[in-house]
Each structure stands twice: as structure tokens, then as C-alpha cells.
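Enquirer: One letter stands for each residue in the lines below.
There are 2 protein chains.
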Amino acid sequence: LHSQFKKIVVIGVGLIGGSFAKAVKQRGLAEEVCGFGRDAQKLQWGVDHQILDTFSVDIELAMKNCELVFLAVPLGSMEPMLKIIGPHLPEQCIVTDGGSAKQSFVNSSLKCLQNHLPYVLPAHPIAGKEVSGIEASDGDLYVDHRLILTPLEQTHEEVITKVTQLWQSLGAIVEKMRSDFHDEVFAATSHLPHFLAFNLVDLLNEHPELGDVFKYTAGGFRDFTRIASSDPVMWRDIGVYNSEAIAKWLRQYQASIANLADLVENQDAEALEKLFSRAKSARDKHIIKS
Amino acid sequence: LHSQFKKIVVIGVGLIGGSFAKAVKQRGLAEEVCGFGRDAQKLQWGVDHQILDTFSVDIELAMKNCELVFLAVPLGSMEPMLKIIGPHLPEQCIVTDGGSAKQSFVNSSLKCLQNHLPYVLPAHPIAGKEVSGIEASDGDLYVDHRLILTPLEQTHEEVITKVTQLWQSLGAIVEKMRSDFHDEVFAATSHLPHFLAFNLVDLLNEHPELGDVFKYTAGGFRDFTRIASSDPVMWRDIGVYNSEAIAKWLRQYQASIANLADLVENQDAEALEKLFSRAKSARDKHIIKS
Numbered sequence: 001l002h003s004q005f006k007k008i009v010v011i012g013v014g015l016i017g018g019s020f021a022k023a024v025k026q027r028g029l030a031e032e033v034c035g036f037g038r039d040a041q042k043l044q045w046g047v048d049h050q051i052l053d054t055f056s057v058d059i060e061l062a063m064k065n066c067e068l069v070f071l072a073v074p075l076g077s078m079e080p081m082l083k084i085i086g087p088h089l090p091e092q093c094i095v096t097d098g099g100s101a102k103q104s105f106v107n108s109s110l111k112c113l114q115n116h117l118p119y120v121l122p123a124h125p126i127a128g129k130e131v132s133g134i135e136a137s138d139g140d141l142y143v144d145h146r147l148i149l150t151p152l153e154q155t156h157e158e159v160i161t162k163v164t165q166l167w168q169s170l171g172a173i174v175e176k177m178r179s180d181f182h183d184e185v186f187a188a189t190s191h192l193p194h195f196l197a198f199n200l201v202d203l204l205n206e207h208p209e210l211g212d213v214f215k216y217t218a219g220g221f222r223d224f225t226r227i228a229s230s231d232p233v234m235w236r237d238i239g240v241y242n243s244e245a246i247a248k249w250l251r252q253y254q255a256s257i258a259n260l261a262d263l264v265e266n267q268d269a270e271a272l273e274k275l276f277s278r279a280k281s282a283r284d285k286h287i288i289k290s
Numbered sequence: 001l002h003s004q005f006k007k008i009v010v011i012g013v014g015l016i017g018g019s020f021a022k023a024v025k026q027r028g029l030a031e032e033v034c035g036f037g038r039d040a041q042k043l044q045w046g047v048d049h050q051i052l053d054t055f056s057v058d059i060e061l062a063m064k065n066c067e068l069v070f071l072a073v074p075l076g077s078m079e080p081m082l083k084i085i086g087p088h089l090p091e092q093c094i095v096t097d098g099g100s101a102k103q104s105f106v107n108s109s110l111k112c113l114q115n116h117l118p119y120v121l122p123a124h125p126i127a128g129k130e131v132s133g134i135e136a137s138d139g140d141l142y143v144d145h146r147l148i149l150t151p152l153e154q155t156h157e158e159v160i161t162k163v164t165q166l167w168q169s170l171g172a173i174v175e176k177m178r179s180d181f182h183d184e185v186f187a188a189t190s191h192l193p194h195f196l197a198f199n200l201v202d203l204l205n206e207h208p209e210l211g212d213v214f215k216y217t218a219g220g221f222r223d224f225t226r227i228a229s230s231d232p233v234m235w236r237d238i239g240v241y242n243s244e245a246i247a248k249w250l251r252q253y254q255a256s257i258a259n260l261a262d263l264v265e266n267q268d269a270e271a272l273e274k275l276f277s278r279a280k281s282a283r284d285k286h287i288i289k290s
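Residue numbers (our numbering), protein chains in the order written: chain C, 1 to 290; chain F, 1 to 290.
What the hints contain is simulated information worked out from the structure, not anything from laboratory work. Just to be clear, a hint being listed does not mean it is correct.
Identical chains blur together in the list; that is why a pair holds if it fits in one copy or across any two.
Claimed, not checked - Restricting the straight-line Cα-Cα distance to at most 20 Å, the calculated cross-link-like pairs of lysine to any residue (SDA-like) are:
(1) Lys248 x Ala258
(2) Lys248 x Ser229
(3) Lys42 x Lys83
(4) Lys215 x Thr164
(5) Lys215 x His286
(6) Lys176 x Val213
(7) Lys176 x Arg146
(8) Lys64 x Glu209
(9) Lys274 x Glu158
(10) Lys285 x His207
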């Protein structure tokens, strides 16, 4: 393993894959960054815009001499894609990804890449935007953002070192955790708020008796619901591939809302102020002001 | 009634009252903008910083020759304050306010100002920030923001006209609605999201087994929970003074979350995508991108 890669293949050149490709290219961390996908026109656009060096729509050609493959396809396409690349993986080629749920990727790897597990390293860059697509690729998307690695038991230490160094070179803050803990934490901090925001907008939208209710919303509502403008297909997949942890958090949230409704109904000023104060202190303490 | 006021009194010179005072003064819409409160030092600061022309800590002096009084105290102080100003109101002095719940102000007016009702006009400027206090006063806070009037049955038409013109001069988009409809709409579009955001932060904060969970949050979480950094006392009062509508919406939201948890548990990809797509379309259609 070297500190620079001969060839990196990015499968799924959207915002996450395209930003990774562009970041690697800009920093000269690979001799060749190759995009793989079905849409040759889109991939050519990536080459024209210095996001990719080369591209291929033929998986055998793409994987030739590849030292690291980065999967950035929707969660629902991860397992089918592992099946496709499996037969073409060069020995010692690192397989990593950028998916938002990790246990499902672990399970798919154990199923599809039994003979390649020391080189498999599931990963999740904590970065994103409400825009998507290759056009939104940003070589600095990962700077100062966390990157979570969830190694398999079988993953080689040197693979972990190599991938850690790569992401650190892209500016990310790299951390390791268990895949099930990852899914639990991100169900709480990312998946739950997204589902809550989608749900609120949908609830208001279903009440025509309120008239054009959205015109009475202000900046707070706009911020609160910004994540409800995210890609519905991506979030559908997250709901399906991290269903256990998300359902658990939704149930907990539901119970806490029932409790809050009781406090409001009882006009329990003291308890409301306590709850709101605790929340404000926690947020002001932990979240960077913006 | 004239298009310019001789004297306007602002009671409660925080963000809402201070911004109103400053906006009126900057536009020369009153010969005198007088602040009333208990904290002489704060009010003097307002005079020194061109937010107020004068101030008083004596209600009789403050109300002398007053043509319009704007109450911007916390909801819990509205009724006590109406009792205090009642005996000192000049004939034909307009009484209006900036509170976030309107039915409670209507009820308090009917109770405390029985002989003055034609001059009472409850109002709610749809503007705010997560900062508060006189120091945050902004003369352009109301520009291009909605201002909702909820007249009493008894309110004189010319009072409505006069207050409408005043707020329009401050840049606001003025609308009228029934006070109960107001409380219902804003319970849904403003109070509900605030309560949901406070509740999420508090829920995560209560789970030490997740470790320092907030460090794994990203921009989406920051935006979603920004309103959870709002003033706990103000929101406690909103919970108490609009309890019926808020409790109703919390219950509805709770039921819709139970349904969403079922969809996730069943990995119902089709229903999840449908819900998320409806929400995204509604938001993209109705909310100004930002």
C-alpha cells in the first residue's frame, strides 16, 4: 500500500461520489480517478469539468488495476453493485463506500464479498447538501466534516490506515465506531430530524381548511423544514435500510410528544420552561452557532 | 385620527418593542416615541441609541397625551399590563400589541378594557430572531414580513385603517383574520415546529448511552434545531396562552408519527417515497428557497 493510489474508481458519481472524485483529483491523491456508471454523457461531463480523469460504462474495464473503489450509489443499489464488482475486484483492491446506513452495507459485504473481506471498509462521510447530482460536486465538501469508519472484524489494519489517511488528506475528521452504534446514533441525529421535517410539511399540506397555511410561515419554519427538501428516494432508502433504529427513535419521539402534549394541555408552565431551558442550554452548548 | 402620531408609547422594549420603536422613529411616524418599563437604565440606553425619544418608569406620565400604545411584553404580562394602563388611557388612545397568541389578548381586553374596546386592536407581527433584547432592535425587522390584525367586533374601522397604515409604513404586509383562526394557524406553522425542535434536542440530551451525540450532527440538524435556541420563557408563555390549539396539533403530529413509524417498521418503501415526495413538493412550491 502506498500513500498515493494508482487508480481509484468511483461508482455513482452524484454529489457524494463526484465531490470525493473531485477532492481526490484536486489534491493529486491518485494517478487516475475513474468514474463508473450507466450514463456516459453525465460521466463525460465529469471528465470535462475536472471531476474525473476517465470513465467507463464497462465494469470489467473500470475495475482493471483499481486500488480503491468508492461506492456512492443509493443504499438500495449497494448490494446489487457489490455483486456486480465482486468478480472483477483486483486482489487487495480496497472496497469502501459513502452510504448513510452501515449495518446493511456490512451485511451485504459478508454476503457478496466473502473472499475479499480484509479489504472491505464501510464508511460514512457526514456531509451533504439539499442539492444533489454531479453538477453540485464540491472538492471541499468534506473539509472539517466527520468521516465515520465502521470496520468489519476482518478488515486489515493497514486498510484502515490507508483509508484514514486518504480522508484526512481530503480534510475530514476520521473516527471509528461499530456499525450498529453508527446506525443508532445517526438514526437519532440525522434520520429522525429528516423524517420529522418531512412529516410536518406533509401534515400541514393535508389541512386545506387552514387555507394557504405556508404563507404564514417565517424563517424558523423555513430552517426547520429545510431538510424536507432533500431527495425523497435517498431518504426512502435510508428508512428501509436503517428501519429498526429509525422506527425505535420515532417511537421514542412519539412518546415524548405525548408527554409534551399533556404538559401543554395542563398549562404546566413550570415543566414547559424546564424542558425548553434544558433544550436551549444543550443546543447552545453543543451546536456551533450559526 | 391623523396619519402621523403625536405620541406613541411602547411597553416592553425588547426585540419586538424596540424594533417597532426604532422603525417608527427612523420613519418619522410619531413626534414622540416613549418607552415604558421598570428598567430605567435599559430605557436610557434605548434613548442613547436612537430607539426611543423619551422614556418613563411612571405609567401615568408615560400615558399622558399618548395616541397609540404598543404592548410588547411577554404573553403572561399582557393582562396585568392592561390592568395597569386601563385607568390612564387617554380617550381614543389606540391599544395594540405584538403578542404571538391572540385569543388570550382578546379575552384580556374584554375583561380589562370594557369601556375602551373600539380602540383595541390585537396584532401579531410575524417576525423574530433567536436573539432577544433591546440591543437586538432592528428598524427593518418588519420589512416584507406579515402583520396579522385580529380586530374585536367592537374595534372601530378607522382604528383598523390607522394601524394598518402605520404597519405598512414600517414595510409590513398587513392582513386581517379572526383571533381563533390566527391561533390555530400559528399553532401549526410556528408553535408546533418550535415545540418539536425543543423536544428533539431534549430527547437526545437525555440519552447518555449515545455519548456526545451532538458532535455527530451536521448542518441539517443545526438548521432543524435553530429554533430550539429561542427564549424558553417566551415559549413557555406561548404554550400556556395558546394551549388548546398547540395541544391539538401536538396530538395530530403524534398520530402521524405513529403512522410513519409503522411505515418504517414495515419497510414500506412505496409509502415512504410517496410521503417524502409530497412533502418535498409542498415545501419547494410554498417556501422561498434559501
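Enquirer: Hint by hint, say whether it matches the structure.
Expert: Results of checking the hints against the structure:
1. Lys248 x Ala258: both (16 Å within a copy, 11 Å between copies)
2. Lys248 x Ser229: neither (24 Å within a copy, 26 Å between copies)
3. Lys42 x Lys83: Neither: 23 Å inside a chain and 69 Å across chains, both beyond 20 Å.
4. Lys215 x Thr164: Intra 47 Å, inter 19 Å, cutoff 20 Å: inter-copy only.
5. Lys215 x His286: Answer is between; shortest inter-copy Cα gap is 7 Å, intra-copy 32 Å.
6. Lys176 x Val213: Between copies, since 14 Å is at most 20 Å while 44 Å is not.
7. Lys176 x Arg146: within (10 Å within a copy, 48 Å between copies)
8. Lys64 x Glu209: neither (61 Å within a copy, 45 Å between copies)
9. Lys274 x Glu158: neither (49 Å within a copy, 44 Å between copies)
10. Lys285 x His207: Only across copies: Lys285 and His207 sit 16 Å apart there, 37 Å inside one copy, limit 20 Å.
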